[in-house]
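Which chain is which? The protein sequence lines are A and B, in order.
Take the first sequence: its letters are residues 0 to 278, numbered as in numbering that gives the first Met the number 0.
Take the second sequence: its letters are residues 0 to 298, numbered as in numbering that gives the first Met the number 0.
In case anyone wonders, no lab produced these hints; they're calculated from the structure.
Honestly, I wouldn't trust all of these hints.
Here are the computed distance ranges between Cβ atoms for each label pair [said to hold, decoys possible]:
{"hint": "1", "chain 1": "A", "residue 1": "Gly107", "chain 2": "B", "residue 2": "Tyr241", "range": "44 to 50 Å"}
{"hint": "2", "chain 1": "A", "residue 1": "Pro226", "chain 2": "B", "residue 2": "Thr79", "range": "22 to 28 Å"}
{"hint": "3", "chain 1": "B", "residue 1": "Asn273", "chain 2": "A", "residue 2": "Pro19", "range": "40 to 46 Å"}
{"hint": "4", "chain 1": "A", "residue 1": "Gly107", "chain 2": "B", "residue 2": "Glu44", "range": "27 to 33 Å"}
{"hint": "5", "chain 1": "A", "residue 1": "Arg58", "chain 2": "B", "residue 2": "Thr161", "range": "40 to 46 Å"}
Heads up, the beta-carbon is just placed ideally off N, CA and C, and yes, glycines get one too.
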Amino acid sequence: MAQKQKSFPNLGIGIGLRPPHYDDIFRLQPNIDWFEIISENYMVEGGKPLEVLDKILERYPVVQHGVTLAIGSAAPLDYEYLKKLKALTRRTKTPWVSDHLCWGKAPGAHYHDLLPLPYTREVIDYIVERAKIVQDYLELPFALENLSSYVAFTQDQMTEWDFYGTIVEQAGIFMMLDVNNIYVSSRNHRFDPKTYYENIPIDRVIQIHLAGHQDHGDYLLDTHDHPVRNEVWELYADIYPLTGGVSTLLEWDDNLLSLEETWKEALKAKEFQTGIKNE
Amino acid sequence: MNSTILQIPEELMYTQEWFAGVITQRLGDKDRINPISPDGGLIAEEAARYIVPNEKMRPHQRIQIYNQQYWWRLLNTMHTNFPFVTRLFGYQAFNEEISIPFLLDHPPSTWMLSYIGEQLPAWIKEKYKKSDSPLIQNAAMLDWAFTASYIAPQSPLLDLSTLQQGGDPARFLSATLYLQPHIQLFKWDYNLIAFREKFMEKDVDYWTKQSFPKLSKLKGCFLLYRTIGNGISYKEISSAEYDLLSLFKQGTTLEDAFGQVEKDEVLYNEVAANLQAWIQSWTQMGILSQEGTYGTNGT
Numbered sequence: 000m001a002q003k004q005k006s007f008p009n010l011g012i013g014i015g016l017r018p019p020h021y022d023d024i025f026r027l028q029p030n031i032d033w034f035e036i037i038s039e040n041y042m043v044e045g046g047k048p049l050e051v052l053d054k055i056l057e058r059y060p061v062v063q064h065g066v067t068l069a070i071g072s073a074a075p076l077d078y079e080y081l082k083k084l085k086a087l088t089r090r091t092k093t094p095w096v097s098d099h100l101c102w103g104k105a106p107g108a109h110y111h112d113l114l115p116l117p118y119t120r121e122v123i124d125y126i127v128e129r130a131k132i133v134q135d136y137l138e139l140p141f142a143l144e145n146l147s148s149y150v151a152f153t154q155d156q157m158t159e160w161d162f163y164g165t166i167v168e169q170a171g172i173f174m175m176l177d178v179n180n181i182y183v184s185s186r187n188h189r190f191d192p193k194t195y196y197e198n199i200p201i202d203r204v205i206q207i208h209l210a211g212h213q214d215h216g217d218y219l220l221d222t223h224d225h226p227v228r229n230e231v232w233e234l235y236a237d238i239y240p241l242t243g244g245v246s247t248l249l250e251w252d253d254n255l256l257s258l259e260e261t262w263k264e265a266l267k268a269k270e271f272q273t274g275i276k277n278e
Numbered sequence: 000m001n002s003t004i005l006q007i008p009e010e011l012m013y014t015q016e017w018f019a020g021v022i023t024q025r026l027g028d029k030d031r032i033n034p035i036s037p038d039g040g041l042i043a044e045e046a047a048r049y050i051v052p053n054e055k056m057r058p059h060q061r062i063q064i065y066n067q068q069y070w071w072r073l074l075n076t077m078h079t080n081f082p083f084v085t086r087l088f089g090y091q092a093f094n095e096e097i098s099i100p101f102l103l104d105h106p107p108s109t110w111m112l113s114y115i116g117e118q119l120p121a122w123i124k125e126k127y128k129k130s131d132s133p134l135i136q137n138a139a140m141l142d143w144a145f146t147a148s149y150i151a152p153q154s155p156l157l158d159l160s161t162l163q164q165g166g167d168p169a170r171f172l173s174a175t176l177y178l179q180p181h182i183q184l185f186k187w188d189y190n191l192i193a194f195r196e197k198f199m200e201k202d203v204d205y206w207t208k209q210s211f212p213k214l215s216k217l218k219g220c221f222l223l224y225r226t227i228g229n230g231i232s233y234k235e236i237s238s239a240e241y242d243l244l245s246l247f248k249q250g251t252t253l254e255d256a257f258g259q260v261e262k263d264e265v266l267y268n269e270v271a272a273n274l275q276a277w278i279q280s281w282t283q284m285g286i287l288s289q290e291g292t293y294g295t296n297g298t
């Protein structure tokens with residue numbers, strides 16, 4: 000395993016911090032290894048969100064994950080956003096910051112979605128420069144997450160794994176690898192998920208996401224509202240040992256379960272971390 | 000460090016402009032993509048220039064997924080940010096009469112999803128012309144007040160003991176006081192907050208099948224505030240309290256506030272008789288500060 004990865008703590012298994020769970024967290028103080036927050040939900044000037052966050056930070060490690068940086072947008076980087084993001088990292092002491100390899104805004108407009116990019120050499124060059132700026136500005140390791148995607152562009156010059164791997168290596172950043180997204184995209188674009196993980200710089204993976212999705216027949220949709228599918232657990236069992244052991248997070252954002260049920264679902268990851276599939 | 004020096008790839012820019020135009024266009028019949036693109040061409044032909052098909056889906060069917068996700072996510076956010084208005088209309092009518100036309104006029108321009116709908120009360124006043132417009136506008140203002148209070152910053156609390164040190168009344172009278180940024184003031188011909196509470200007890204579908212409760216006509220003033228424990232609460236206040244607190248929104252001294260209210264003898268007498276008790280109560284509730292950061296969300 001590369002030296003770089005060894006310097007990142009394996010926080011264990013975490014879940015996303017969601018408002019309907021706040022009361023149970025404070026009442027039960029469960030032994031959850033760590034929480035991931037959606038950075039934007041706490042980039043506010045005050046009020047309930049920050050009050051809760053400060054209480055969480057007293058007891059749990061927190062890692063920041065963003066959804067609106069839009070690194071691949073044909074729009075200037077938003078330094079007001081980055082300033083607020085950096086201020087929040089000082090508060091949370093997050094060991095790294097992640098967002099998505101996507102676009103999602105234009106000057107004066109935000110689309111509030113993780114939109115796909117064409118896989119071209121010039122887009123790589125563009126994103127590499129921007130990712131370097133972001134990592135330097137934040138003064139923290141910066142990781143990009145692979146998307147679930149539903150379109151492929153006529154302009155594409157390479158595969159997603161070549162595009163993704165080249166960007167993180169050239170920019171000197173890291174991978175937040177979403178195993179569910181690999182599976183969803185493999186079905187939507189008809190590739191073998193094994194080819195994906197065998198062709199990325201796996202030593203740059205510093206965190207893994209797991210989630211559920213919906214099967215719409217003609218395509219799979221990444222929805223974070225179902226248990227993790229068996230095929231995704233199996234993929235996790237293949238990938239996790241290759242990473243040498245990295246922090247793993249269950250994302251569950253819609254049709255929320257209770258805190259206890261969410262944690263129980265997340266803990267299933269332990270069964271697959273040795274690479275043995277419990278079928 | 001200046002990203003503007005980075006060359007934006009032209010092809011990427013044109014592709015994203017096209018993509019954004021398509022996904023933000025209003026959904027067509029049965030929530031499918033509009034067969035006509037924003038440029039007036041056939042979407043099936045246009046999409047094929049940018050997107051490759053797979054064995055199950057044609058290019059326009061693939062981008063339709065993003066078109067649907069864009070609208071469904073925003074409509075969901077409107078339901079979350081305006082739960083009372085959603086209950087007054089029901090999902091379908093709220094989407095068609097309010098949310099969709101509003102979002103077409105005000106597509107999101109901020110990275111904060113929770114700010115979507117900030118301009119809705121003003122939009123309703125301008126564009127929604129049915130007879131219930133005043134009520135719907137007030138309901139939207141009230142829903143938005145809950146969101147704004149939830150995320151508003153907290154200024155340092157007013158410390159009465161510091162102001163009263165030395166027993167010099169002039170020190171107290173000349174201090175500029177401000178409302179906390181999370182305070183919202185309302186003056187209505189009815190208690191809309193209690194009415195909202197009644198609606199919130201049941202889900203949206205319940206209210207599409209049930210008659211609405213009667214909205215009692217009873218003039219009143221109300222103070223919506225964030226509690227010390229960061230919950231949102233409200234208190235009915237007198238008209239004089241409302242007038243005085245309104246002056247503190249932009250910051251004023253008690254001396255100047257008295258100057259304002261003394262033009263109205265009845266108001267002045269009520270303020271003079273109750274001020275000490277009010278200040279005590281407002282201080283306990285944590286709604287005053289000596290630092291002015293009152294935002295734009297105040298009513």
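Which of the stated hints cannot be reconciled with the structure, identified by number in ascending sequence? Per hint list: 1, 5 violated.
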